[in-house]
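Spelled out from the first residue to the last, the chains are:
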Amino acid sequence: MSGELFAFLVLALLAILGGILMLNLTKVIHMLLSLVLTFLAIAGLYVMLSAEFVAIAQVLIYSGAVTIIMIFGIMLTRHNDEQKNQGNLTRNIIVGAGVVLFFITMYISINQVSFGDQATDLHVENTKQIGVELYSKYVIPFELMSVVLLVALVGAIILAKRDDEEEAEQK
Amino acid sequence: MSSLPVNAYLLLALVLFCIGLFGALTKKNTVIVLISIELMLNAVNINLVAFSKYGINPGITGQIFSLFTITVAAAEAAVGLAILIALYRNRSTVQIDEMNTMKH
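Line by line, the protein sequences are chains A and B.
First residue of the first sequence? That's 581 in the numbering used here, and the numbers climb one at a time after it.
First residue of the second sequence? That's 16 in the numbering used here, and the numbers climb one at a time after it.
In short, the hints are calculated from the structure, not lab data.
All figures in this text were calculated on a predicted structure; none of them were measured in a lab.
A couple of the hints might just be wrong.
[Said to hold, decoys possible] Which residues of chain A face chain B? A partial, calculated answer using Cβ under 10 Å:
#, residue
1, Leu585
2, Ala592
3, Gly599
4, Thr618
5, Ile622
6, Ala637
7, Met650
8, Met686
9, Phe695
10, Gln698
11, Ile710
12, Glu713
13, Leu733
14, Ile738
Where is the CB? At the ideal position from N, CA and C, for every residue including glycine.
Required output: the full structure, derived from the provided sequences and hints.
Next comes the structure, spelled out in structure tokens:
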């Protein structure tokens, strides 16, 4: 067994373990923390795929920012209720059957995929390559992305802001 | 050069996507549904990065696409959380099946 295969197997098992724990744990905060394990394992997989910058971004954004935002969401709402009854059983069975059908369909088509060549120079100055491409070929999507972030920021503040005037009118 | 076939990465991404899909459709807490959607986006990101190394035209483009996806996912998480807080203020619940009317 080569070292690469071993690293892939460990990381893949950790990622899937985090997902399975998310489905089976009862406390909401534990589900969220088990998904951090998945996100970190995925960052390790990015390093294996010679995408170091994306791996760092994954650790910073997903296992840092998004998880903290979601923990805020849990803590600001009702955080100590446990999910005792997991919905009705028939819905779970129907959804599970659909997901399994989707899995089999995609698995059959994945098995037929094979590509010949591999990129060999992705790990050489990875961040520099990404920066050059972003500011030459993809400069318009990059600027649009900053507009998206700004709109999301303003929208989130407006949505979550307590509407004082409306409440005063209702009283 | 790596000895692993691309199918291994695609299969792992498929498994993670299926877990996220199942969680998003069956879980009752809104925060868990949101984070399941994040998991599905992450599985797609694995595919993009894998194709940037193994695809027909391997290159850096797949990694740039995955960076864009990560950005949109972060924006989606922020807006989703704001909607969740607004709903909780009006209905004082976070369970999906109790949010069945748009007016209160």
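Hint-by-hint comparison with the structure:
1. Leu585: At 6 Å from the nearest chain B Cβ, Leu585 of chain A passes the 10 Å test, so the hint holds.
2. Ala592: Cβ of Ala592 of chain A sits 5 Å from chain B, so the hint holds.
3. Gly599: Given a least distance of 4 Å, the restraint on Gly599 of chain A holds.
4. Thr618: holds, 7 Å
5. Ile622: Nearest chain B Cβ about 6 Å off; hint holds.
6. Ala637: holds, 6 Å
7. Met650: holds, 5 Å
8. Met686: Where the cut-off is 10 Å and the nearest Cβ of chain B is about 5 Å from Met686 of chain A, the hint holds.
9. Phe695: Interface hint status for Phe695 of chain A: holds (5 Å vs cutoff 10 Å).
10. Gln698: Hint on Gln698 of chain A: holds, closest Cβ of chain B at ~6 Å, below 10 Å.
11. Ile710: holds, 6 Å
12. Glu713: Holds, about 5 Å.
13. Leu733: holds, 7 Å
14. Ile738: holds, 8 Å
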